[in-house]
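Peer 1: Which chain is which? The protein sequence lines are E and R, in order. If you read the first sequence in the numbering used here, its first letter stands for residue 1, the second for the next number, and so on. If you read the second sequence in the numbering used here, its first letter stands for residue 1, the second for the next number, and so on.
Simulated from the structure, these hints should not be mistaken for laboratory data. Don't take each hint at face value.
To be verified - Restraint ranges, calculated between C-beta atoms of paired labels, are given here:
#1 E:Ala407 / R:Arg194: 55 to 65 Å
#2 R:Gly84 / E:Asp359: 15 to 25 Å
#3 R:Ala217 / E:Arg42: 28 to 38 Å
#4 R:Ser32 / E:Gly371: 23 to 33 Å
#5 R:Gly181 / E:Glu10: 55 to 65 Å
#6 E:Lys360 / R:Ala217: 36 to 46 Å
Claimed, not checked - Which chain R residues face chain E? A few, computed with CB under 8 Å, are given here:
#7 Ser192
#8 Ile207
#9 Leu211
#10 Ala212
#11 Arg221
#12 Arg224
#13 Lys225
Think of the CB as a built atom: it goes at the ideal place given N, C-alpha and C, for glycine as much as any other residue.
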Amino acid sequence: MGITTDFPAELITKYGLAGPRYTSYPTALQFHEGFDAQAYRRHIQSSNDDLIPRPLSLYVHLPFCKELCYYCACNKKVTRNSQRAEDYLKHLDKEIEMQGALFDRDRQVIQLHFGGGTPTYYDDMQLKHVVETLSANFLLSRSANREFSIEIDPRTVNKERIAYLADIGFNRVSMGIQDFDRSVQKAVNRVQDEGKTLDLIDAARKSGFNSVSVDLIYGLPLQTAKSFENTIDSVLTARPDRLSVYNYAHLPHLFPAQRMITTEDVPAPEVRLQLLASTINKLKEAGYIYIGMDHFALPDDELSIAMGDGTLQRNFQGYSTCRETDLVGMGVSAIGKVGNSFVQNRKDIRDWQAALDADKLPVWRGLGLSGEDRLRRGVISAIMCQGSVNFSEFERKHSIDFADHFALELKSLKPLQDDGLIELSEQNLEVTPTGLLLLRIIAMKFDEYLINDKQGKAYSKVI
Amino acid sequence: MSSDIKKKPYFPERAQVACSQCTLGNLCLPRSLDAHATEQFEHIVNKSRPIQPGEHIFRAGDKFQSIAAVRAGCFKSYVIDKNGEEQVLGFYLPGEIIGFDAIHEKTHKANVVALDTSSVCGLSFDSVTEMARQLPDLQDELFRVMSLHISELEASAADLSAEERIARLLCSLSSRFASRGYSAKEFNLSMSRRDIASNLRLATETISRVLARFQSAGIIRVNRKKVAILESEKLRDLARRDTC
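This is chain E alone, in the form it adopts within the complex (with noise of 0.2 Å):
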């Protein structure tokens, strides 16, 4: 896969249309409250039966912080009351108690995500001990190939706390910029220094953090095509080994924190454009490989090899290159994948502690995977991260005659093999160069949710 010289403003507009991200399929949107606690233990218990079980991954969900941003669609509670922090410690403490107790111990945990909110509002005595209540609960790999990752706010961070990270294991750090324009971050209610911000990515690197990820937003408030440009070159003198870009969905009448900015302010359909015309071309040109979605990286960083020898996995925090995990997820609203099933935690902070309280796993809904689901999951990762769908290994592994089984997708993918976006042959369907900025467009099309119900209203637009 590689990003086209020439962009496809034209199809990016034709096919401007709202659609999922796939970090999973099922989406979140298929969850029911049918599946309960009862039915998560019992797919914890059949993947602790496997021959050899899965390696875990641990997501921790940290929801609180200081200020409101305003373009933020997480689910996150904004506080200074400390109390209420504290107290949510002491019920994830329970949670982590609880689940590592269901998981057998000879299962080594190879990835650990810390995101937010901003976990970083916890001071490091805080951080230190969710680390050990993890250490003490579930197997910690040592090896140096860990990913132990932190999603840091680097106006709550100096480089000693970022020394303090290093030291209580973590080994891969994620700092949200968004945009180092001063009317854009006042626009969006997110001040940050671009110089203190750029020394902490160096302080990062000095910690030992064997990588460094930066968040970048555009279609925000206020952006102009040169303003993002400056903040795009200022962030590529720290040459982060990972950049994720993501496109500002302005759905204030789902998100009402977005409801403080100003709509007129947004950048219109096709400033977009250039914005993320101009960002492909510069990362292309600092020598960043295009890995699908809104990520780029370094050649040299995994996620460009794993891409390369077709090992690349689509998760919840965007793309990896680990083997195949049991994903358990911890915190308010905190999904998990286990074997063939996913689950949610409950999203209102008072309902997550009532049930902890009541000595219940705070389970909210979630999903067990059909052998449809799990033959779309694989045909659609396969888009993702790969961006080729080779019928027969299909054909091989779920017992289907693909032309048969998929006569009125591949039908729909005409227009969009028309346009240019994919190449479709008897055993194959490739993702073009073109198509590559498109990839859920192309997805969408073997979502048999949204083949059976077209609301597209609650996805973020494409562009």
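Please arrange chain R on chain E, whose structure you already have, making use of the hints.
Peer 2: Okay, now just chain R, sitting in the frame of chain E:
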């Protein structure tokens, strides 16, 4: 057959059983009987309803009345040791007979539980004994099956490494599946790694570690509970067995 039976009978009605039509005919007790004797034998067979995973057909301490021939699915037999730990004694596949351990004391020694949706043919042991007196072929078959059991148990008591034990189990399952008309190269295991570990007297993590080693050596491929044997000769070598 057991206390569970009172809640929901295993044999809801006297179903017509036709051993002569059964696909397990060449594995099960009547395999050496002629047509007439097979017909006689059919009269003492009770076909069970589907037995759900986790449902027991025998409990340790149950009074011995019947033996059971597995028709479909898979069972494991186990005892609870004095520390309260479960110890798995063996696994039973279709065509195999469960319950011979209960003959001498007229009491079941082991708990027997279904690992998959399964079914059995129940055979009153009095009737089997009675019939064996009249049909020497049946008696021979009973001796043969019991002897097979004993020889397998003795072989497994040998001083074997973890690799040998696991390779032997895979070999044994492979040939048992093959003689039941399933693939010898690719099969789904109904038992968990914990069951296998308990049965082979190994630590649970040893099972995974050894299987992972076999896998990286290209001998097998494992996906969840499915095993594909890629190099059966190498597996036989590891098991120190001539056949697999």
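Peer 1: For every hint, state whether the structure bears it out.
Peer 2: The hints, checked one at a time:
1. E:Ala407 / R:Arg194: 55 to 65 Å: violated, 44 Å
2. R:Gly84 / E:Asp359: 15 to 25 Å: holds, 23 Å
3. R:Ala217 / E:Arg42: 28 to 38 Å: Roughly 33 Å apart at Cβ, these two residues keep to the hinted range, so it holds.
4. R:Ser32 / E:Gly371: 23 to 33 Å: For E:Gly371 against R:Ser32, whose Cβ atoms are near 41 Å apart, the range 23 to 33 Å is violated.
5. R:Gly181 / E:Glu10: 55 to 65 Å: The hint (55 to 65 Å, Cβ to Cβ) holds, given that R:Gly181 and E:Glu10 are roughly 59 Å apart.
6. E:Lys360 / R:Ala217: 36 to 46 Å: The hint (36 to 46 Å, Cβ to Cβ) holds, given that E:Lys360 and R:Ala217 are roughly 44 Å apart.
7. Ser192: Check passed: Cβ of R:Ser192 comes within 3 Å of chain E, closer than 8 Å.
8. Ile207: Given a least distance of 7 Å, the restraint on R:Ile207 holds.
9. Leu211: holds, 5 Å
10. Ala212: With a minimum Cβ separation of about 5 Å from chain E (threshold 8 Å), the hint on R:Ala212 holds.
11. Arg221: violated, 10 Å
12. Arg224: This hint holds: R:Arg224 lies near chain E, its Cβ roughly 5 Å from the closest one there, short of 8 Å.
13. Lys225: Interface hint status for R:Lys225: holds (6 Å vs cutoff 8 Å).
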